[in-house]
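S.K.: In order, the protein sequences belong to chains W and B. So for the first sequence, this note's numbering puts the first residue at 16; every next one is plus one. So for the second sequence, this note's numbering puts the first residue at 239; every next one is plus one.
In case anyone wonders, no lab produced these hints; they're calculated from the structure. All C-beta atoms in this analysis are idealised placements derived from N, C-alpha and C, irrespective of residue type, glycine included. One thing to keep in mind: the hints can contain errors.
Simulated crosslink set (DSS-like; lysine-lysine; CA at most 25 Å straight-line) [said to hold, decoys possible]:
| hint | chain 1 | residue 1 | chain 2 | residue 2 |
| --- | --- | --- | --- | --- |
| 1 | W | Lys-106 | B | Lys-345 |
| 2 | B | Lys-309 | B | Lys-362 |
| 3 | B | Lys-312 | B | Lys-293 |
| 4 | B | Lys-309 | W | Lys-193 |
Quick list of the computed label-pair ranges, beta carbon to beta carbon [what the hints assert, rightly or not]:
| hint | chain 1 | residue 1 | chain 2 | residue 2 | range |
| --- | --- | --- | --- | --- | --- |
| 5 | W | Val-126 | B | Arg-360 | 54 to 60 Å |
| 6 | W | Arg-294 | B | Arg-360 | 46 to 52 Å |
| 7 | B | Arg-360 | W | Asn-125 | 54 to 60 Å |
| 8 | W | Ile-113 | B | Glu-261 | 31 to 37 Å |
| 9 | W | Arg-294 | B | Leu-420 | 18 to 24 Å |
| 10 | W | Lys-178 | B | Lys-256 | 23 to 29 Å |
| 11 | B | Gly-314 | W | Ile-181 | 35 to 41 Å |
| 12 | W | Leu-110 | B | Ala-403 | 36 to 42 Å |
| 13 | B | Asn-460 | W | Lys-106 | 55 to 61 Å |
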Amino acid sequence: MNQLLQQLVNGLSIGSVYALMAVGYSLVYSIMNFSNFAHGGVIMLGAYFGFFGLTLLKLPFAAAFILASVGTAVLATLIERVAYKPLRDRKAPFLYFIISAMGASILLENVVIATIGPTFRTYPEIFAREPIALGSLAIGRLDLIMFFVSAFCLACLILFIDKTRIGKAIQASAYNMKACALMGVNTDLVVLIVFALGGFLAGIAGVFFGMKYTVYPQIGNITTKSFIAAVFGGLGSLPGAVIGSVLLGVIETLVAGYLSSQFRDLIAFVILIGVLIVRPTGIMGKTAEDKA
Amino acid sequence: MLSVRDLYVSYGGIRALKGVSLEVNKGEIVTIIGANGAGKSTLLNTISGFLKPQKGEVLFNGLRLGRQPAKIVKAGICHVPEGRLVFANLTVHDNLVLGAYLRRDRKAIAEDLDKVYGLFPRLKERMRQPAGTLSGGEQQMLAMGRALMTNGDLVLMDEPSLGLAPLLVQTVFDIIEEIRGLGKTILLVEQNAFKALHVADRAYVLEQGRIVKEGRACDIANDPAVRDAYLGTKSKGGGGVA
Ligand SMILES: Nc1ncnc2c1ncn2[C@@H]1O[C@H](COP(=O)(O)OP(=O)(O)O)[C@@H](O)[C@H]1O
Ligand SMILES: [Mg+2]
């Protein structure tokens, strides 16, 4: 029982960071109907921004955090402008977007390898290593902070989308970009905002992953998990992305704890294949007729 | 108010408009009738800034329109698109409020919202429902109401009666007259030529990307060729060749 609770806590923490990345996939998918595979590169750079903010610039933790997330927000909008906008303007087929996204991802990874180098770097220790004891549970300080920061950011995002004028325009664009433009909405700006939001959260996720593991040019591959989580929850749905991520985080830790940690990464793919066979729209995904 | 001058538009290599010119004056209902594929939607989408003409221009109140759809809305042109395209995932109320996206005058927005709900009581009853749950006729009303919320002076309507039951078709045309009563100018594109010519002041006939006839709506309605082609009634003087 105790072990189960412990695993659940760990799973929630890692799942909440998956969610930070997964909502980025879902937001972009919801308005542009393609999976932005350059997202991993953005997360990787977020991890580096945070790392260099702390080590080179000797910034306090919060400032490094902001540097990383603002930096990735800008980076994500740049990718949109360079890699996708020319395609949107030409009404290019969806496959071109995927290819462009992969190109951007490979470019980012190799620029980092060429300039910063391929080595693994370790974040300086910010939070004490010894966990907080809560009854018989031991909760890592970093895990706790990851969970609360992620939950806070996700709550802000959902409120923003649900309550603000721009948030409504984003929802409307997700349904139909043309009709949204007919309301006088600058849909180019909506697209930029969506990339900036996704990029901002990706930066936070990057810093957390850098702190929890290490920083290296391929760290962005971890987004495969959050992509699977987004599909699991239903691509294009924000609550779906969050639920899918938390479930995936919990399932992974349970599998690692009770079966073997070697199955940990396997289970994500088993879930992906299972979802695609049983319910391709995911837990909360749009059905085909919703999205003409 | 609106003048379209010698407009050429193509999709890739396919010419959809081949030198279309037309005028819409303030307070008029002008209709463009034409068969499926004649280029009616292409014309409206070009006026709204979604398509770039190869040649020709669109003037609104004497000024050239910008290219961005949002700027064109701001200039005062609203467009009720073919197929309605209501935001099915948002409530009826949110759909209408989005129509006022560019406006800041809260009081005037609230007044217009009342006006729209007055025009469409059905929408008021369903204001908290997702727009996707509305019937086809109600969605058409919502698309019109949403366009009115932009407070544009010129309303472009693309086949508002398409796919509606006959009883609702009449309602839609009644509403078009009421919208004119609100002081709007209307450019109405229709395949239902009979009703459109009945409600309009002037009409243009579009065939394969060209205007082939124009004139007062009642004259067009009595034109033998138009009667044969669009009204499905054999004209009196028409030949008996089968
Ligand atoms: N997106 C498009 N791509 C290519 N051709 C198109 C497209 N939209 C319309 N067309 C063509 O342009 C012509 C005019 O179409 P349209 O303006 O939709 O006609 P209407 O609204 O009068 O039915 C048709 O021949 C149609 O096949
Ligand atoms: Mg059409």
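S.K.: Could you say whether the range 54 to 60 Å given as a hint is met by the Cβ separation of Arg-360/B and Asn-125/W?
M.R.: holds, 59 Å
S.K.: Hey, Lys-106/W versus Lys-345/B, does the alpha-carbon distance stay inside 25 Å?
M.R.: Measuring from Cα to Cα gives roughly 39 Å; hence the hint is violated.
S.K.: Going straight from one Cα to the other, do Lys-309/B and Lys-362/B come out at no more than 25 Å?
M.R.: violated, 29 Å
S.K.: Is the distance from the Cβ of Leu-110/W to the Cβ of Ala-403/B consistent with 36 to 42 Å?
M.R.: holds, 41 Å
S.K.: Using the beta carbons of Ile-113/W and Glu-261/B, state whether their distance is inside 31 to 37 Å or not.
M.R.: Once the Cβ atoms are compared, 46 Å apart, the range 31 to 37 Å for Glu-261/B and Ile-113/W is violated.
S.K.: Per the hint of 35 to 41 Å, is the separation of the Cβ atoms of Gly-314/B and Ile-181/W within bounds?
M.R.: Between Gly-314/B and Ile-181/W, where Cβ atoms are some 23 Å apart, the hint is violated.
S.K.: Check the following: the C-beta atoms of Asn-460/B and Lys-106/W are separated by a distance inside 55 to 61 Å.
M.R.: With Cβ atoms ~42 Å apart, the hint is violated.
S.K.: Between Lys-178/W and Lys-256/B, does the beta-carbon spacing fit 23 to 29 Å?
M.R.: Hint violated: Cβ distance 48 Å, outside 23 to 29 Å.
S.K.: Measuring from beta carbon to beta carbon, are Val-126/W and Arg-360/B in 54 to 60 Å?
M.R.: Once the Cβ atoms are compared, 57 Å apart, the range 54 to 60 Å for Arg-360/B and Val-126/W holds.
S.K.: Holds or violated: Lys-309/B with Lys-193/W, Cα cutoff 25 Å?
M.R.: holds, 14 Å
S.K.: Could you see if the CB distance from Arg-294/W to Leu-420/B stays within 18 to 24 Å?
M.R.: violated, 48 Å
S.K.: Given the hint of 46 to 52 Å, check if Arg-294/W and Arg-360/B actually sit that far apart at their C-beta atoms.
M.R.: violated, 35 Å
Figure legend: structure checked against the earlier numbered hints; hints not met, in rising order: 1, 2, 6, 8, 9, 10, 11 and 13.
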